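Using the hints provided, position chain Y relative to the given structure of chain B.
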Amino acid sequence: MTISNSFRTATACLWAGAMLAQLSCTGVVMSPGRSGTGGDGPATGTTSPLCRAGAGPSPGPSYVRRLTRLEYSNTVRDLLGDTSGAADRFPAEEIRLGFDNNAQALTVSPVLAEQYLLAAEAIATSAVEASWSRLVPCDPAGPAGADACAKQFIATFGEAAYRRPLDADDTAALQAAFTAGAATDFKTGIRLVIETALQSPRFLYRVEFGAAPAAGQPVAKLDDWEMASRLSYLLWHTMPDAELIAGARAGQLSSAENIGAEARRMIMDPRAHAVVADFNAQWLHLGEIGAVEKDAKIFPKFSPATAGLMREETDRFLEDAIWDPDGGDLASLFTAPYTFVNGTLASYYGLAGVTGTAFVKTPVDGAFRGGLLTQGGLLSLLGKANQTSPVHRGKFVREQLLCMELPPPPADLMIKPPELSATLTTRQRFEQHAADGSCSGCHRLMDPLGLGFERFDGAGLYRDTENGQPVDDSGQLTDTDVDGPFRGALELGAKLASSAQVRSCVATKWFRYGYGRGETDADGCSLAAIQARFAGGGYKVRDLLASLVETDAFLYRQVTPPGGTP
Amino acid sequence: MKPFRIDRRALLRGAGGIAIGLPFLEIMTPLERRARAASAPPRRFLVFFSPDGNIRENWVPTGTETSFTLSRILAPLEAHKQRLVILDGVENKVGGYSARPGDDHMKGMGTALTGIGLLEGTTQGGAGDPAGLAGGISVDQAIAGSIGTTTKFKSLELGVQAGSSGTVWGYTAYAGANQPLPPDNNPSSVFTRVFASVGADAGAIARKQAERKSVLDAVQQSYAKLNPRLGTADRAKLDEHLTNIRDLETRLTAVSAGGATCAKPADPGKVDYKSNASFPMVGKLQTDLLMMALACDLTRVGTLQWEQSVGNVRFTWVDPAITRGHHDLSHDGDTATDTIEQLTKINVWFSQQFAYLLDSLQKAKEADGTSMLDNTLVIWINELARGNAHSHDKMPYVLAGGAGGALRAGRFLTYKKASHNDLLVSCLNLMGVAGTTFGDPAFCTGPLANL
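Chains as they are written, first to last, in the numbering used here: chain B, 63 to 628; chain Y, 4 to 454.
Each computed PhoX-like pair below joins lysine-lysine, with the alpha-carbon atoms no more than 20 Å apart: (1) B/Lys-557 x B/Lys-602; (2) B/Lys-213 x B/Lys-249; (3) Y/Lys-366 x Y/Lys-267; (4) Y/Lys-287 x Y/Lys-273; (5) Y/Lys-287 x Y/Lys-267; (6) B/Lys-446 x Y/Lys-277; (7) Y/Lys-366 x Y/Lys-287; (8) Y/Lys-216 x B/Lys-249; (9) Y/Lys-211 x B/Lys-249.
Hints listed in this document are in silico derivations from the structure and should not be mistaken for laboratory results.
Small disclaimer: the values here were computed from a predicted structure and weren't measured.
Okay, chain B solo, but in the shape it has when bound (with noise of 0.2 Å):
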């Protein structure tokens, strides 16, 4: 059955992060939403979506969803066996509502078509030089003749690239790709067959149409194939794999009971892990990380080598942090007292105990660092080359962790940053933001926050003093559901951690990157769902991921598509 109606109570509680993120800042601070998106931004306006008690479902839009660089990746190579690597040279996704992978966003350019037909070419080439045997299991020269060993080969490896058995109009535009290449050989003709299918929308899209709704209802389920293919992508972003297509074969996805099971199934797997860590990549900016330079004079320690290990750190923390089975709550992201480090990582901190290369769970100080707010690959991406930054620090928390947008600098204004000093602290230079009328009414959103901070330099190391005076590590939420004081990175972690904005904060965002789309004010049920399975598990993150596939968003659609049809 569809998620139980006592899921659909009004969730304008839930919502308070989102309401609070209406505040003002010498304007507004909003929503990156507005109307006329064609309900690709999120709800919009001081109406939170609701859920309605005693609704039917209520999926929200769905649209086709081009695979991204990531997804054809692992599809060729789970359907053909490449890992050349193919799809690195395709233009990278428009980021859009903080995600690669936002379904309106996925178009294709005279660039990206040309690229697939590149790339096509060189997958195709490969398989059939060097796994013909397993690619095509009949033989051509044998009795049944080559014409049925082709068509064989056309309706098995055209199910596994377009996820569902083929239909007419399918088999006929392979038909004649193999019928043109076979003029010259028998190989030439599967080879056409599988560049064919590599560029043909049934393989680079997802594309759905539904089960067949009830008469009059506005919503249909998915069908069984398309439904694997929604399980695979979410969970794994790949193709399905084995088990799912013979549930798909047999009938067996449209019950949200036998979904839930196969979902319990694959989250247990690493490629689950993969899709949780690419969600923490974007989130959390962490792709950002191994490219961090920084100043030599100013951070002699720091290296580009630094950069990488940094990043790693934060990785190993999360994958630890979340898929823990004793915790794996999002409070740990934020307080946990320990981290990974190796060698020269260790070294570079100041942590006794830790040699060689490879990277150990290793214990933290517990009186400034914990979680990863304390850690050197995101303190360093927030901070400036030759010098901490406070605004983008307190700009992360506010915009990352608590879903608030905060408009950039009038455009008009000139600025000035304050210039490094050899007797000043930051925070003293920094004071002029607050005194500076043009710059205070959004600034005191930021710097307050990102003051807090200020024990870490920009490089991510630990400082009891900053030109010879004592750091103040004081800071202050204000405009959240937290509110108050707090003194240094790790109170901050754990004001956060008990933050129900924060919280919804995490889920929106999931939603979005879930389902390739911003919420509407027709996912309020859904959104609801996510959260009450996050809460009824006492936060863990991993049950995000689990929850996606219990709404109306994910088990339904809409019978009549985005935009009407033509």
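For chain Y alone, kept in the frame of chain B given last:
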């Protein structure tokens, strides 16, 4: 076998647009002879983009229209002074004044070549409303629609650490509203894409093209059957994809016609094209690749996009004292004299790269003995006039080249609040494309006066 004939016709199409009905002997004429026989070398159009505004007091020349002295920033172009038209006082009005969303960087970038306001969207920039991508076709693509239809590539968009943000900050070229043409930042990928077939065996090329045609025909068949079954929003997206596949098929039947100075460039191999320090090296590689693509007549329209709007490259090779990113620096006020000096040096460096491009075009000879620079129009653009003011008035535009004899160069032109839409119209006209408006007609008065 048939594909061989297709290839010969394709070669002809690539050379001069005459594809069908030529007598057999004409078809067999060697490429070089046909190229020489052609009446005039093709016209070409290039865009050179650098971001974050300029420093006008160190950029604007002194003197009169025809007797002027180059500024410190433009001094590296001295050798090409008689091939330049420096425009002062042209304003990006549609970026500055139209009631469209976006902050000033976004508006300046999205309108730079399109002359039309941004779409609504979800990218939150500065003080303006959140915006989407540009609202119309860019002038280079409009020109390519006229002069780029017979070459293997309608246009090439190359970047140097450009366009990785996936937002309006990252693109200059647009095929149409909401259709950015992302610059390729990787010289290795550019080489493979552009030059893979140059110099290959003609029979092999013919076989490859016949195969591609079969595959793309079958692929198009799949989209043509599926697309009508989709909802309106999805269908628009897949129809655009289908259009791009059709264009691909047309282009792939054309190959290099060769040119007087066409030679397959060296394969750059795997290039570290993302690190800060690699910026100048990658810029030179991309310039060389673009040059050779023009020389081989693989394309006639190109964009060379250095960084992107709000680009934050640290120009440490220009001066070790420059430790902050370009955009960071551009926000400092006018009283920060050290910063103004650093920004001036950065723009001097861009001027040197522009000079290198012009040098290369000057050295490349056409079949008729003229230089490629004689037949090319290059425009140097920026999304802002001045970074710290985020202004769009007095934009730092430079035109260069002969445009096939159409550009009266060696001039310094001053305007009072002329609209940059009119400059875009002039670019169209100089490339032989008729028109009196481009982009948002509310900001158009016709081609730029006295240009």
